[in-house]
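Start from the sequences and build out the full structure, keeping to the hints where you can.
In case you want the letters, here they are:
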Amino acid sequence: MELLNYLGMGFSVAFQPMNLFYCFLGVLIGTLVGVLPGLGPVAAMSLLLPATFHTTPVASIIMLAGIYYGAMYGGSTTSILVNIPGEAASVMTCLDGYQMARQGRAGPALGISAFGSFFAGTIGIIGMLLISIPLVNFALKFGPPEYFSLMILGLMVLTFLTSTSMVRALMMAAFGLIVGTMGLDNISGLARFTFHIPELLDGVGLVPVVMGLFGISEVLLNIELKIKREVFTTKVKGLLPTLDDWAKSIGSLLRGTVVGFFLGILPGGGAVIASFVSYAIEKRVSKHPEEFGKGAIEGVAAPEAANNAAAQGAFIPLLTLGIPSNVVMAMLLGALIIHGVTPGPLLLSQHPDLFWGVVASMYVGNAMLLALNLPLIGMWVQLLKVPYAILFPIIILFCLIGSYSINNSSTDVLIMLAFGVIGYLMKKLSLEAAPMVLAFVLGPMMETALRQALIKSKGSFSIFFTRPISATCLIIAIVLMIMPLLPWFRRRPGIVLEKEDVA
Amino acid sequence: MKKTFLINDLVWIVFAALVCYGGLKLGFGSFHQPHAGFMPFLSALVLGLLALVDLISGIVNQWKEEKGDKKIWADIHWGKLFLTLALLFIYTVLFNTLGFILATIPLLFFLYRLMEPRPWWIVFTASLVTTGLFYLGFKVGLDSQLPRGFLGF
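For the record, the sequence lines run as chains A and B. Just so you know, we're using my numbering here: the first sequence kicks off at 1 and counts up by one. Just so you know, we're using my numbering here: the second sequence kicks off at 1 and counts up by one.
Treat the hints as calculated values from the structure; they're not laboratory data. A hint or two may mislead.
[As the list claims (entries may be wrong)] Derived list of chain A stretches under chain B, where covered just means 3 residues or more per stretch with a C-beta under 8 Å from a C-beta of chain B:
1. 114 to 121
2. 396 to 405
[Stated by the list, open to error] Short, incomplete list of chain A residues facing chain B, as computed with Cβ under 8 Å:
3. Pro-50
4. His-54
5. Leu-170
6. Phe-175
7. Leu-177
8. Asp-185
9. Phe-195
10. Ile-197
11. Leu-220
12. Phe-262
13. Pro-393
14. Leu-414
15. Ile-422
16. Lys-427
17. Lys-428
18. Arg-451
C-beta: ideal position from N, C-alpha, C; glycine also.
Written out as structure tokens, the structure reads:
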């Protein structure tokens with residue numbers, strides 16, 4: 001009953017005209033960046049963050065969240081029609097979605113993708129409602145050692161699942177931690193690695209770093225490529241899947257939703273990993289695994305459900321523990337802090353309107369997305385025809401304005417350009433940007449937790465192993481670190497994902 | 001020998017050594033009373049050790065699983081790349097002095113031309129329209145603080 005009251009409060013917040021407008025704007029922009037390759041949800045969120053300064057924290061988070069799950073919807077369109085994933089979580093949809101389109105079944109592929117996303121998003125929200133309150137109560141038992149160990153676990157899971165080389169992914173995480181230490185020390189107030197530049201006293205901003213690594217670097221990389229996109233020009237018809245399609249897909253949708261939701265909650269997890277894992281599971285349980293990759297509708301339904309459920313699930317650790325589980329959530333953490341809201345176990349009691357308003361808005365946003373994606377599919381297809389020669393200067397301009405308008409500082413723009421070059425070199429050398437960004441965001445929190453824990457234990461590291469929650473997290477992290485060294489693990493094909501953008 | 005990966009690891013090792021030194025200069029403190037240099041030192045130590053592991057494993061395996069140097073660097077249009085970066089750097093330096101509109105029109109003009117050569121008047125019109133739309137969207141619509149420049153707009 002109490003849950004229904006909270007949900008009622010959430011919907012009353014979500015249905016306020018201002019919040020409805022921002023929700024619509026968020027899902028619209030999200031679909032747009034999902035459709036357009038080259039500008040992902042992370043870059044879009046960092047770009048629009050300054051624009052939300054004038055509004056309320058609730059409206060701001062509703063819009064930024066809308067961009068995230070909106071991009072999950074939009075990304076499938078490019079995967080199915082062009083065989084280019086609009087964003088990383090739609091990579092798996094390409095395999096069967098594009099084949100379906102080639103067989104003249106683009107409509108059902110787009111339809112099952114949109115309905116499946118809506119279904120998974122809805123179940124994901126129910127999961128959020130059920131899990132959040134118990135998790136908040138559990139999180140109240142957390143002290144500095146638990147927070148530190150949980151963040152270590154998050155970084156370890158991310159490097160374990162997303163990299164072809166765990167050593168290099170960990171190197172990038174260490175680099176992120178170093179960049180995160182720039183600026184004034186939280187405890188002593190001493191300036192660290194600021195090189196007498198006053199703008200660096202507050203540290204390096206998240207937005208310039210993210211825009212450089214994910215936006216500018218992408219443009220620099222694509223300057224050297226001659227990309228030809230072949231958009232599926234036949235008219236997309238019959239968006240409603242047939243009864244046979246539904247019968248084939250329903251199990252995949254359910255499995256994808258459950259897998260995606262729990263992988264979304266997992267620190268270091270997220271929509272990309274969820275879509276990869278759900279596709280692998282679907283292929284394994286299927287009676288006709290040979291049809292996968294040749295236009296099996298289950299191969300579209302499962303990853304699409306998984307990436308949307310994961311997008312919802314990822315909000316749980318952020319809103320209840322204050323720990324972002326992936327780069328997108330790190331952006332949201334930054335947005336909450338800028339708006340003076342500290343995410344964590346107390347968020348639910350101190351800002352219930354924000355917590356439940358955001359949860360309810362996701363449901364409203366999912367309904368809006370269904371309306372946006374199916375009837376307007378023709379418009380999104382037209383957008384795909386925008387040539388890169390026009391698109392890239394516009395992306396650059398978005399990045400320049402976005403990084404400047406945070407502090408009205410040219411130094412931030414220079415930092416963004418520097419990280420653009422670093423990101424470009426990282427991509428050339430197959431170094432992952434995602435562990436770097438997550439470590440960069442978690443770094444200051446990790447440092448504070450580590451130093452507080454050590455002061456509390458008078459310098460003894462045993463504090464991390466004598467407290468059950470902390471010890472469990474660290475043991476799992478150690479196991480994940482050791483596993484790639486084991487011969488049986490190294491022989492298993494396809495366990496490691498090769499995706500650079502784990503947002 | 002794949003020089004790119006060898007140089008990459010060496011750069012990270014040197015970088016880690018510099019940060020370790022910086023951390024020690026800031027003050028490591030002790031485990032029961034960590035100071036400002038504690039976290040940078042530990043992070044850099046981890047980075048340096050991992051880079052060393054990567055270097056040794058690369059030398060032992062001869063970087064067999066990696067792309068060759070030629071494959072990594074062959075297709076790059078160095079001219080376009082450096083020109084783009086130079087344009088962006090000049091734009092950033094002049095942004096405040098010239099103001100958003102005066103700085104952005106030439107930037108877009110050069111970027112559009114760089115990406116795909118088209119008649120100058122088409123490119124100029126496109127630059128003008130794009131700048132105008134961005135100005136309307138960000139300055140008028142979202143009230144972003146874009147620099148006015150010496151002409152006051």
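Tell me the numbers of any earlier hints that the structure contravenes, in ascending order.
1, 9, 10, 12, 15, 16
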